[in-house]
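Based on the sequences and whatever the hints tell you, model everything.
Sequence order for the protein chains is W and B.
Note that the first sequence ends on residue 307 in this note's numbering; no numbers are left out.
Note that the second sequence ends on residue 343 in this note's numbering; no numbers are left out.
There's no promise every hint is true.
[As the list claims (entries may be wrong)] Only pairs whose alpha carbons sit at most 27 Å apart, straight line, appear in this in silico DSSO-like list of lysine-lysine:
#1 W:Lys271 to B:Lys234
#2 B:Lys139 to W:Lys36
#3 W:Lys36 to W:Lys176
#4 W:Lys271 to B:Lys113
#5 B:Lys242 to B:Lys147
[Said to hold, decoys possible] Some chain B residues judged to face chain W by a derived CB distance under 8 Å, without partners named:
#6 Ile244
#7 Val288
#8 Ile295
FYI, nobody ran anything at the bench for these hints, they're computed from the structure.
Values in this document were obtained by computation on a predicted structure and should not be read as measured data.
The C-beta atom is built at its ideal place from N, Cα and C for all residues, glycine as well.
So you can see what is in the structure, the chains are spelled out below.
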Amino acid sequence: MNTGSIFLQQLINGLSLGSIYALIALGYTMVYGIVKLINFAHGDVMMVGAYAGYFVLVAMGTTVTGSVQVTTLSLLLAFLAAMIVCALLALVIERFAYRPLRNAPRLNSLITAIAVELILQNTMRVLPFVGPDPRQFPTMMTKSFTFGPISVSNIQLIVIISSALLMIALNYIVNKTKTGKAMQAVSYDLQAASLMGISVDRTIAITFIIGSVLAGAGGILYATAYPQIDPVMGYMPGLKAFIAAVLGGIGSIPGAMLGGVILGIAETLTKGFLSSQYADAISFSILIIILLVRPAGIFGKNETVKV
Amino acid sequence: MKDKVLRNMLIPGVCAIIVVIVPAVLIRFSIIDAYTAQILTLSGINAIMALSVNIICGITGQLSLGQAGFMAIGAYSTILLTANAHLPLAVSIILTGFITAFFGFLIGFPTLKLEGDYLAIVTLGFGEIIRVVLVNMKKWTGGPNGKQFPTILTLNPAVAYLVIIGTLALLIILVQNFVRSTYGRAVLAVREDEIAANSTGISVFKYKMLGFVIASFVAGIGGALYAPFIGFVKPEQASFTKSIDYLIFVVFGGMGSTTGSVLAAFILTYLQEFLRFLQNYRLLIYPVILILVMIFRPQGFLGMKEFSFVNTFDKIRGKIFRGHSMEIPKGKKEPEATEESNV
Chain W
1 MNTGSIFLQQ LINGLSLGSI YALIALGYTM VYGIVKLINF AHGDVMMVGA
51 YAGYFVLVAM GTTVTGSVQV TTLSLLLAFL AAMIVCALLA LVIERFAYRP
101 LRNAPRLNSL ITAIAVELIL QNTMRVLPFV GPDPRQFPTM MTKSFTFGPI
151 SVSNIQLIVI ISSALLMIAL NYIVNKTKTG KAMQAVSYDL QAASLMGISV
201 DRTIAITFII GSVLAGAGGI LYATAYPQID PVMGYMPGLK AFIAAVLGGI
251 GSIPGAMLGG VILGIAETLT KGFLSSQYAD AISFSILIII LLVRPAGIFG
301 KNETVKV
Chain B
1 MKDKVLRNML IPGVCAIIVV IVPAVLIRFS IIDAYTAQIL TLSGINAIMA
51 LSVNIICGIT GQLSLGQAGF MAIGAYSTIL LTANAHLPLA VSIILTGFIT
101 AFFGFLIGFP TLKLEGDYLA IVTLGFGEII RVVLVNMKKW TGGPNGKQFP
151 TILTLNPAVA YLVIIGTLAL LIILVQNFVR STYGRAVLAV REDEIAANST
201 GISVFKYKML GFVIASFVAG IGGALYAPFI GFVKPEQASF TKSIDYLIFV
251 VFGGMGSTTG SVLAAFILTY LQEFLRFLQN YRLLIYPVIL ILVMIFRPQG
301 FLGMKEFSFV NTFDKIRGKI FRGHSMEIPK GKKEPEATEE SNV
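Structural data, given as structure tokens:
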């Protein structure tokens, strides 16, 4: 394989990884846009989603030999389960951890978010039916489609297509529905929105739920692409997704999508051409550079501080 | 006046010496068993880290999630200086502090221009970068398996206690004096209101940097004592989880309160050992405590209050004095007790 085709191949891999980052980044960016909180627990909501999907897949498809068969139906049900579980989880987290602190200094909410992350990770670790050990996530048989020099696996196709569908759905919800407009209004000015008769509590809860539903789907896609799950699996993709959100301009939905794809591609290119060990360091370096050069991100607006 | 200065130095000094020497002697003669000594000394290291986090988060007001990264730099530098450069341990510990402070200076340059959440994330990112670099520099750091480093501090609990708690006491004194100096007050001004501080001629960036470098120095010393004490260090020492552990001490004790941070480090380290019978469920206790503190007492247990040996001494003396002379009516405050006093 020559350098050109490796490059193209890594581009496809990057697009697939990047769409997962984008899905998770959307949750970060929406929550940040509306309550100015870095929801550290978001990556772990994704992990819970992956576990929910895992249990559905195992329950649906275990064959006599003990191996797990994944059909389209069981995969769809796994998506559904992950989304519902994550939505409920988000509801609980928002109600009991973040809502009491909404008017507190931002530092306090940030620390609470870190605490929620630790609670989710450690709860999964001590739950008897989950446990700390990594598990093999059941996936379907890998088929590759070759287009000239590059090959695309069916899993990559599923990842790219389903994240594209989810993002289109999100775009519709945010821009065309009443709830979406309420979300925009609350993120623009929380107090003015509440004066206009928008229920702020409800809108914020819905934002958390939508973000977490996307994270749940992202969790299954991530676990399908990298088929191993454990209670701390959400930490790294969560951070990467956050970097993607910052890269695109935090608070901006198209920014999160673009940021995710850019980050995914940057990472797979690092893996392909430099060393897979340094991929994590590269993502953080991108974050640092972006924050120094253009802190508002690609689509962000610069804000001036007034006295 | 001179008398007062002497008194203000003497009272905390005597207390510090008692706290450092007496348990060390007790450990030496096995009146305190080795296990308790181990916990106490580990608490001391945690308290040094809590001190470092408190300097950057509580006193300078910049949330850093990467202090464990500096601790790891400190730990590995000490090992390299002692094992590869053959320096005496004491010299390399002090040198390590300055090396880590220099790293703090380098990292602070780009990061301290950022604020709030962004700063938190970038410091977190630097912590992770340090971890990745430590994992990959196999020749120097031993890679992901870590590095062995047994020393006298690992083997002799009394010496370990003496050195580590002694360093802790020394650092507390230095930090408290720094906070009350001109520089320290400028740092506090930056914490309270950057714009106001800037308009009164305080260079915000410079003082943030000062706080950051001092915090890195303290974290470096923490790491430099950790490696010889535990006798082993892994790149995981730089991870985010570790940084959060140290942050929890400070949040619990009260951000901005040195007393609170140090006490919380001792209490929570002991609590973790005490709750060992809960097995893995104890992992849930820290974060639950953290959320409850944030919701019900966001300023931490001591808020920004400091415990003062001199004030306490005055109060006790005042009480004794009141017992002797019946003329002072009950409830009236002694003049000494309300007096502003340092340390």
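Structure-based check of all given hints:
no. : hint                 : in the structure
1   : W:Lys271 to B:Lys234 : 24 Å, holds
2   : B:Lys139 to W:Lys36  : 43 Å, violated
3   : W:Lys36 to W:Lys176  : 24 Å, holds
4   : W:Lys271 to B:Lys113 : 31 Å, violated
5   : B:Lys242 to B:Lys147 : 18 Å, holds
6   : Ile244               : 6 Å, holds
7   : Val288               : 7 Å, holds
8   : Ile295               : 5 Å, holds
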